Amino acid sequence: MQDRFTRVKVREQDPKVRAHNFEEVCLGYDKDEAMLEASRCLHCKKPMCVGACPVNIQIPDFIEQVKNGDFAAAAEVISRDSSLPAICGRVCPQETQCEGKCILGNKGEAVAIGKLERFVADWSRENGVRFNECKPANGKKVAIVGSGPSGLACATDLAKAGFKVHVFEVLHKVGGVLQYGIPEFRLPKDRVVSKEVEALKELGVEFETDVIVGRTVTVDDLMDKEGYDAVFIGTGAGLPRFMNIPGENLNGVVSANEFLTRNNLMHAYEEGYETPIYAGAKCVVVGGGNVAMDAARTALRLGAEVTIVYRRTETELPARREEVHHAKEEGIVFSMLSNPVEVLGDEKGWVRGVRCIRMELGEPDASGRRSPIPVPGSEFDVECDVVIMALGTSPNPLIASTTPGLETNRHGCVVLNEQDQTSRKHVYAGGDVVTGAATVILAMGAGRKAAAAIMRDLLPQE
Amino acid sequence: MNRIIEKKLLAQNIYLIKVEAPRIAASALPGQFLVVINDPKGERIPLTISDYDKQAGTVDMVIQQIGVSTRLLCSRNVGECYSSVLGPLGVPSDFVKMSDEELKGRRYLFVAGGVGTAPVYPQAKYLHEKGAMVDVIIGAKTKDLLIFEEAMSKVCTNLYVCTDDGSYGFGGLVTKKIEDLLANGKTYDQAVAIGPMIMMKFVTKTLQPSGIPLTVSLNTLMVDATGMCGACRVTVGGKTRFACVEGPEFDAYQVDFDEAMRRQGMYNAEKVTSHTHKCKIGRE
Numbered sequence: 000m001q002d003r004f005t006r007v008k009v010r011e012q013d014p015k016v017r018a019h020n021f022e023e024v025c026l027g028y029d030k031d032e033a034m035l036e037a038s039r040c041l042h043c044k045k046p047m048c049v050g051a052c053p054v055n056i057q058i059p060d061f062i063e064q065v066k067n068g069d070f071a072a073a074a075e076v077i078s079r080d081s082s083l084p085a086i087c088g089r090v091c092p093q094e095t096q097c098e099g100k101c102i103l104g105n106k107g108e109a110v111a112i113g114k115l116e117r118f119v120a121d122w123s124r125e126n127g128v129r130f131n132e133c134k135p136a137n138g139k140k141v142a143i144v145g146s147g148p149s150g151l152a153c154a155t156d157l158a159k160a161g162f163k164v165h166v167f168e169v170l171h172k173v174g175g176v177l178q179y180g181i182p183e184f185r186l187p188k189d190r191v192v193s194k195e196v197e198a199l200k201e202l203g204v205e206f207e208t209d210v211i212v213g214r215t216v217t218v219d220d221l222m223d224k225e226g227y228d229a230v231f232i233g234t235g236a237g238l239p240r241f242m243n244i245p246g247e248n249l250n251g252v253v254s255a256n257e258f259l260t261r262n263n264l265m266h267a268y269e270e271g272y273e274t275p276i277y278a279g280a281k282c283v284v285v286g287g288g289n290v291a292m293d294a295a296r297t298a299l300r301l302g303a304e305v306t307i308v309y310r311r312t313e314t315e316l317p318a319r320r321e322e323v324h325h326a327k328e329e330g331i332v333f334s335m336l337s338n339p340v341e342v343l344g345d346e347k348g349w350v351r352g353v354r355c356i357r358m359e360l361g362e363p364d365a366s367g368r369r370s371p372i373p374v375p376g377s378e379f380d381v382e383c384d385v386v387i388m389a390l391g392t393s394p395n396p397l398i399a400s401t402t403p404g405l406e407t408n409r410h411g412c413v414v415l416n417e418q419d420q421t422s423r424k425h426v427y428a429g430g431d432v433v434t435g436a437a438t439v440i441l442a443m444g445a446g447r448k449a450a451a452a453i454m455r456d457l458l459p460q461e
Numbered sequence: 000m001n002r003i004i005e006k007k008l009l010a011q012n013i014y015l016i017k018v019e020a021p022r023i024a025a026s027a028l029p030g031q032f033l034v035v036i037n038d039p040k041g042e043r044i045p046l047t048i049s050d051y052d053k054q055a056g057t058v059d060m061v062i063q064q065i066g067v068s069t070r071l072l073c074s075r076n077v078g079e080c081y082s083s084v085l086g087p088l089g090v091p092s093d094f095v096k097m098s099d100e101e102l103k104g105r106r107y108l109f110v111a112g113g114v115g116t117a118p119v120y121p122q123a124k125y126l127h128e129k130g131a132m133v134d135v136i137i138g139a140k141t142k143d144l145l146i147f148e149e150a151m152s153k154v155c156t157n158l159y160v161c162t163d164d165g166s167y168g169f170g171g172l173v174t175k176k177i178e179d180l181l182a183n184g185k186t187y188d189q190a191v192a193i194g195p196m197i198m199m200k201f202v203t204k205t206l207q208p209s210g211i212p213l214t215v216s217l218n219t220l221m222v223d224a225t226g227m228c229g230a231c232r233v234t235v236g237g238k239t240r241f242a243c244v245e246g247p248e249f250d251a252y253q254v255d256f257d258e259a260m261r262r263q264g265m266y267n268a269e270k271v272t273s274h275t276h277k278c279k280i281g282r283e
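If you read the sequences in order, they're chains A and B.
In terms of numbering that gives the first Met the number 0, the first sequence opens at residue 0 and continues consecutively.
In terms of numbering that gives the first Met the number 0, the second sequence opens at residue 0 and continues consecutively.
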């Protein structure tokens with residue numbers, strides 16, 4: 000019997016070993032471990048975890064089935080609310096969502112809900128358990144722009160409801176941020192992402208890569224010339240931010256998006272692929288989110304000594320706790336309360352270091368976090384040959400600028416009304432393009448809400 | 000899709016390749032470019048569009064073999080397919096927004112260098128068809144590397160061919176030809192230079208005193224070429240711009256060419272190539 004307050008430890012690759020490979024870090028539970036961990040759930044009458052899940056998965060119900068060893072039944076419970084459990088089980092910030100509200104967390108460790116979700120999803124995939132019932136074709140055709148989490152989720156629900164769904168992707172591989180952003184060691188591409196896409200193809204969803212909507216075709220072309228009854232925009236937030244400090248265009252300064260795209264989408268780390276990547280001998284990553292952790296841990300695996308520079312303290316790091324923990328185990332140095340003021344260059348125009356200033360925390364800002372204030376005269380230099388900027392991203396303006404009448408806010412995000420409609424009839428949107436950069440689970444939830452709105456607007460009400 | 004319909008050797012190591020890409024052909028405009036991937040393990044290579052045929056559903060590109068990836072692209076034969084062709088990318092040339100009346104009789108000077116001659120062609124063709132007065136200077140290192148001479152001669156008023164070594168046409172650099180034309184009283188409403196970064200830099204210096212507005216098309220490094228990575232950052236008018244989505248064409252007088260040239264060579268630097276063994280530009 001497992002102690003009620005202690006988690007069943009999940010197996011992971013040894014930090015010293017995994018620092019040199021791109022294999023998945025977390026190996027997940029096996030059946031016995033999952034059933035044992037599931038036995039810790041208290042089955043609260045009013046489960047707080049469900050309310051803290053952005054898509055309200057009936058968590059105690061699926062955990063009950065895991066405890067009983069009926070994994071197919073557990074998968075069925077999850078499938079009612081989530082379309083990408085193998086992915087969310089791996090990348091959701093559970094500590095601030097479901098697990099953060101688990102009552103066991105008050106005295107001990109919360110139930111490992113994420114790890115159990117992942118187990119159920121992996122088990123179902125490996126055992127061919129699918130929930131593929133589709134309603135008969137309803138004759139309506141929907142175009143999905145972007146094949147990231149929101150697009151995939153929207154496509155799933157629409158296909159099951161009998162729509163003909165066609166997904167356009169600008170890159171040459173399907174998955175959006177799951178493909179170019181999140182590294183293999185956190186989210187295996189062939190074993191997990193591709194399988195989710197294949198499952199969608201089985202539902203009849205068509206994918207067309209290498210189409211840039213806004214240039215190759217416009218949203219209006221899709222409706223007027225290609226006969227789509229609705230268009231869903233799930234193009235994410237792909238435009239990287241920079242700091243606008245001196246030296247930022249020196250050779251060796253890259254955005255995390257560039258670094259991760261070269262590595263993940265283009266497989267620069269793998270022999271036989273043509274795209275080059277350079278992590279340097281010493282690499283500084285600026286930022287404290289998941290993207291910063293991903294970039295840092297990728298640079299480490301490519302052989303660099305890595306320092307993360309973040310302007311607040313560890314408490315405020317927006318990254319998942321598990322990623323911070325893994326990064327530290329792997330030997331990444333964290334320089335907290337420091338902020339770059341200049342990138343220093345050598346005579347050839349290459350990075351030779353970053354000049355930072357010490358920060359201290361002042362009053363809470365709009366985000367509720369204490370805002371960092373520079374300490375005058377506290378500048379110090381960090382030597383490095385590569386700087387990776389991981390400062391967040393904003394939506395690409397291309398679709399908004401080529402779709403007349405599509406309202407966006409001052410951040411360039413598409414605006415939705417209370418019925419989840421955009422300002423253009425039969426044009427829908429969801430995910431980061433609406434909220435600004437957020438999480439996979441929120442994007443997935445938004446894709447499903449948009450699918451519901453499309454059904455309300457396009458299908459006769461029963 | 001992405002099938003090679005025609006392949007022609009234009010000069011040593013320079014091929015014209017026509018691919019089947021109906022969606023792109025239907026929406027392409029002068030000034031735009033493509034991203035082509037040879038096979039699933041290949042790089043994303045940005046290439047300017049050198050012509051498009053909406054009826055036939057084809058686009059043309061001109062590729063010079065300068066590294067492993069461009070050599071792979073040129074090794075494919077008619078009937079084979081590239082794994083990806085994405086486009087049209089980038090903002091079309093400014094003049095596509097101008098009315099036919101505005102363009103009629105408007106005087107353009109194009110300065111084309113090396114494979115940069117290929118993207119000049121659709122621009123000259125477009126303007127010529129609209130009744131603009133188009134002069135084109137083509138610069139090549141030597142006669143054997145000259146491309147598009149005949150095609151260009153059909154879409155311009157005056158064609159001036161220069162070779163660096165004097166093996167054909169005017170012997171000397173394009174900048175010398177520009178000086179000659181201006182000295183002989185030629186005037187233009189707009190100039191456009193497309194070619195190697197170093198050529199564009201010196202064309203900019205040469206034309207600056209004349210006050211003729213000059214546009215350049217920047218062939219920076221790119222990965223996704225859709226605004227996602229920022230590898231293509233250039234400083235224009237003191238501000239960082241993304242050549243892939245805000246360009247590739249910019250006001251030449253605002254461009255920091257020295258920075259652009261330095262950034263272009265980033266993955267050729269010894270410390271990068273020795274580290275990655277990946278970028279093989281200029282190496283056999």
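Read the hints as simulated data drawn from the structure, not as lab findings.
Please read all numbers here as calculations on a predicted model, not as lab measurements.
Be aware that a few hints might be false.
As the list claims (entries may be wrong) - Think about it this way: if two alpha-carbon atoms lie no more than 30 Å apart in a straight line, the pair counts; the simulated BS3-like pairs of lysine-lysine are:
#1 B:Lys103 / B:Lys176
#2 A:Lys45 / A:Lys327
#3 B:Lys129 / A:Lys224
#4 B:Lys176 / A:Lys163
#5 B:Lys129 / A:Lys347
#6 B:Lys40 / A:Lys194
#7 A:Lys224 / B:Lys40
#8 B:Lys200 / A:Lys347
#9 A:Lys327 / B:Lys270
#10 A:Lys424 / B:Lys96
#11 A:Lys100 / A:Lys45
#12 A:Lys188 / B:Lys40
#13 B:Lys53 / A:Lys347
Here is what the structure says about each hint:
1. A threshold of 30 Å between alpha carbons decides the hint, and for B:Lys103 with B:Lys176 the separation of about 25 Å falls inside it, so the pair holds.
2. Between A:Lys45 and A:Lys327 the alpha-carbon distance is near 36 Å, which puts this suggested pair outside the 30 Å criterion.
3. As the CA atoms of B:Lys129 and A:Lys224 are separated by approximately 28 Å, the hinted pair is consistent with the 30 Å bound.
4. For a cut-off of 30 Å, the pair hint linking B:Lys176 to A:Lys163 is broken: about 59 Å separates their Cα positions.
5. Taken as a hint, the B:Lys129 and A:Lys347 pair is broken in the structure, with Cα atoms around 46 Å apart against an allowance of 30 Å.
6. Between B:Lys40 and A:Lys194, the direct Cα distance comes to roughly 20 Å. Compliance with the 30 Å bound is thereby established for this hinted pair.
7. At most 30 Å may separate the alpha-carbon atoms for a hinted pair to count; A:Lys224 and B:Lys40 exceed this at roughly 34 Å.
8. With a C-alpha separation of about 19 Å, the suggested pair B:Lys200 and A:Lys347 falls inside the 30 Å cut-off, and the hint holds.
9. Between the alpha carbons of A:Lys327 and B:Lys270 the distance comes to roughly 28 Å, so the proposed pair stays at or under 30 Å and holds.
10. For the hint linking A:Lys424 to B:Lys96, the alpha-carbon distance of about 28 Å falls within 30 Å, and the restraint holds.
11. Between A:Lys100 and A:Lys45, the direct Cα distance comes to roughly 11 Å. Compliance with the 30 Å bound is thereby established for this hinted pair.
12. Using a Cα cut-off of 30 Å, the hinted pair A:Lys188 and B:Lys40 holds, with the two alpha carbons roughly 15 Å apart.
13. With a C-alpha separation of about 46 Å, the suggested pair B:Lys53 and A:Lys347 falls outside the 30 Å cut-off, and the hint is violated.
Consistency with the previously given hints fails for numbers 2, 4, 5, 7 and 13, ordered from lowest to highest.
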